[in-house]
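Here the protein sequences come in this chain order: A and B. When you line the first sequence up against the numbering used here, it's residues 10 to 200, in that order. When you line the second sequence up against the numbering used here, it's residues 82 to 463, in that order.
Misleading hints may appear alongside valid ones.
One side only, chain A facing chain B, incomplete, derived with CB under 8 Å [unchecked claim]:
hint: 1; residue: Y67
hint: 2; residue: T98
hint: 3; residue: R149
hint: 4; residue: L176
hint: 5; residue: G180
hint: 6; residue: P185
hint: 7; residue: M186
None of these hints come from the bench; they were simulated from the model. Since we're looking at a predicted model, the values are computed, not measured. Just so it is clear, CB atoms sit at the ideal spot from N, CA and C, and this is done for glycine as well.
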Amino acid sequence: MQTLEQIKDRIAAALPGARLAVIANASPAGQPSLLLDHEHALEAARFLRDAPELRFDYASNATGVDWPERTVKERVKVKKMIDGVEKETEELAERKIPGCLEAVYHLYSMELGHGPLIIRLRTGNRTDRVTLPSLTPVWRSCEFQEREIFDLFGIVFEGHPDLRRILMWDGFEDHPMRKDYAPAASGEAKA
Amino acid sequence: MNAPPPPLAPTGRSQTAGDLLEVSMGPHHPSTHGVFRMNVVLDGETVVKLTPVFGYLHRNHEKIAEKNSYLGSIPYTDRLDYICSMTNNWAYVLSVEKLAGIAVPERAEYIRVIVGEMTRLFNHACLAGFLLQDMGALGTPLMYAFREREKILDLFEALSGSRMMCNYMRFGGCRCDLPEGWPEKAARIGAGFESFLDEFEALLTGNEILRARSEGVGVLPRELAVNAGVTGPGLRASGVNYDIRKVDKYGIYDRFKFRVPLGERGDVFDRYMVRILEMRESLMILNQALHDLPDGAIIDPKVRLRNLRPKAGEAYGRIESPKGELGFYLISDGGPIPYRYRVRPPSLINLTVLEDMCMGHTIADVVIILGSIDIVLGEVDR
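Next up, chain B with everything else stripped away, as it sits in the complex (with noise of 0.2 Å):
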């Protein structure tokens, strides 16, 4: 890996002239997931250059926190990737206690672990969902997995009262316990869900439309994954092994046994794989911790956590999230609120290689790519 750095793209505003054609795709296109818009130019229906545009649901989120007290952020983290809020959730909270030194009980870091396998779960199977009705499987596979992520979604509001803005994790542990028998349904769903992916996959996976429109398509080589940074499925698709729960083994992964899938080619092929595999594995996770699963506090009551003030000092966070590196960088000035406050978002940094994956591709191709890469705006715009 000691090749010299990949070459920029060519960048800066469009030009066209004779027989190109720029296309202003989104923010609205459906494909776009979300208000996101691509300055696309084609040569016939060939992609020459494209140029991503940003902003359109951005209302300063990092502003918003350094006015508000460490606590009251929570919520407002929910809110980045709206599909995964536990995890932006875990990470916040990890990253404030890195910086403020405090310890979790062991159950809450099991709870921590199921709720964000769980997470992961439906997250995948959504984006594979939404991968294939861009393919034009339209609603059928979409809504297998959305029917499979309620049966989650529902444990989410029996655990923290809400299904998808679920504002669950505190500093030093989870803001309830779970209900009675919550853990015997979380195992029925999870035995659900592991028919449900194989029913899925013996519909989908040997597809010869899938094949023929995601193999070879997209490819992003290793070297430049590495270089871009980026993380997550779309990085180990390319055969980089590299995953955080592994690498840095943040709560408690360094007791689970778990295999990070690769991909070989790092095509559109690969990234639907890879997220189908990590289904499989975090299934397994969470077999492992609901079975291991302590009884105690699940939260340190020595906490302050209204009027929490970290002594002077930084931490930066980070764990695995569905998309990807999702890191908090927090700043104490020793005050309430925190100094600086700064999300490093996944898929607003996995979308920086989306020209080079697109080149030389169709705009059907674009829309596909964009959908193996597993965007959401609240995360890339905040």
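Isolated chain A (complex conformation) (with noise of 0.2 Å):
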């Protein structure tokens, strides 16, 4: 298989215009994956399963991740006048990272043999801005996945034919696989 890299290159020389970022992953498994911006998400999973040498006709697991706001602190290199010297001092920055929530999916070649290729969409924000574009047109297998975090994780699939909820039952208003969700006081969820 051909390195994230250079299937980033491809598709970006394919798509022009697409923006497209590499995710690195610092464990062992190794396995860094590529975000895609919305407005050509489902043109670059057409060309992913489409190109010949990529051949990724298996979309194995789709699903969900929350990403509430965070402050991280952070060491960062300032520089500062002391006794009219500049000297370089390091100093500890709260930084926000804006959360967001994510679907991810596990791509396979059937054909070829070779995967996984990770790719990666993220929604503006985790409450009004929470629209992806489906990729259930390219792959039957997204379509109960992506009913999941929908129902679980609360992102609207735009272009998903059938997009209700799939394991909570319909009435029910919340979307329990978030981090911030709480069941209602009596222990029972909320109808």
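Mind assembling these two chains? They're in different frames, but the hints should get you there.
See the structure below:
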């Protein structure tokens, strides 16, 4: 299989204007992933499925991840004037990482036997801009899995043929897999 | 395989009009193998629309695991596909081993293959028994299969202390070593299974009723199977040569000689036959593994089981479980509990094509088409 960088370059060449980024993975598993933008995700998915040397014909796993807003403390190098001399010192700075919801897809090629290629899509925030393009038109295997992400994480997939709750019941309102989910005080989930 | 993707099945709430009849089948129908429901719209006896309804056994397994230590989730995985606890354990520990970079001693790898293939043996035998039960062969084939399964479950009990909820594998190996005389017993039971298979096949494979009910029923075309993410025997019955034991060669599967049986038409009979042939291959693997079983440690003593804190990062690990591709996707934030824990359930994803397979067949065929997919609701609903 080509490296993720090569695949990224090929998508960029095929889809001018696509914003792509490689997300590193520090784990020994070494499975970096490719972040796609909303506008080109569906086209990029089609390209990954149909390009003859890639042929990711099989989307194995599709799932969501919730990233609430976090504050990280980092050591930053700052230039300061101390006693009239410019010196570089380290300071502890706080940085806010805005929250988002992620959809993660693990792709394999049954025809060529390679994989996984991991692609990610991110929502604008966790409250009102939670729409992502559905990849079900490209891979039918995402049909139930995207319904599950919609049900448990609250991501709305545009272009999904049948976006309904799948595991929770229809009148249920919350999204239980979100990190800030709290069941109703009685211990019963809200109806 | 450059054809455009198959059209999506008609979906949404069913609206019936005229002579159509909507039947809610399940969740307590005996043929749904658990609490699974289908809304079936019938024209006479013919299916014109089928909508599966899930969630009756949903307990948010993933959320529980995200509040639990890595070790504490192993017993929960037993309860996903409650027929095959050993392979569930295996998929989970394999993913954690990938996430944390843990190596497994050789003897433990062999034991994993032995118990994994035994699990495949009785899962497929029971599936064949249930399938025949759904066709009207009440009791006998299923009881024959259960008799063989019971012998293997006795072995599992001697090994792990529990017949079905084995909770046996650990990161970096297995929980305990094989008891005295266990491999010899396993070899004897393996030999007995061979003759059980011969008898089972002599009684059933050529049977006219089995053939009439299953041939040409519930055909799953190759392109649709791949696109819809069907895995396991159901995929191979449609002629796609994809077995994760061969593709990923996880564990030590590259050391064993075995073939991957394939179907031609992708109908219910092919799905039955692929499983029968796979059992024969599993027996071959079992014999090789028992023959080559080395001595040595069964777990890496340096692994901190109770306080495992993998470096921040993520990993996706998968195995060829008897039902298909069972995968676990884990994200660690460096803490003692997984930040994200996801089960890729083969049973749920294999159901994506249920409606496509049932369209135009009778309601009686729906029962055997569902039976030939092999679902367990503990895994579908999680």
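Cross-check of the supplied hints:
no.	hint	result
1	Y67	holds, 6 Å
2	T98	violated, 28 Å
3	R149	holds, 4 Å
4	L176	holds, 4 Å
5	G180	violated, 13 Å
6	P185	holds, 6 Å
7	M186	holds, 6 Å
Of the numbered hints listed earlier, those contradicted by the structure are 2, 5.
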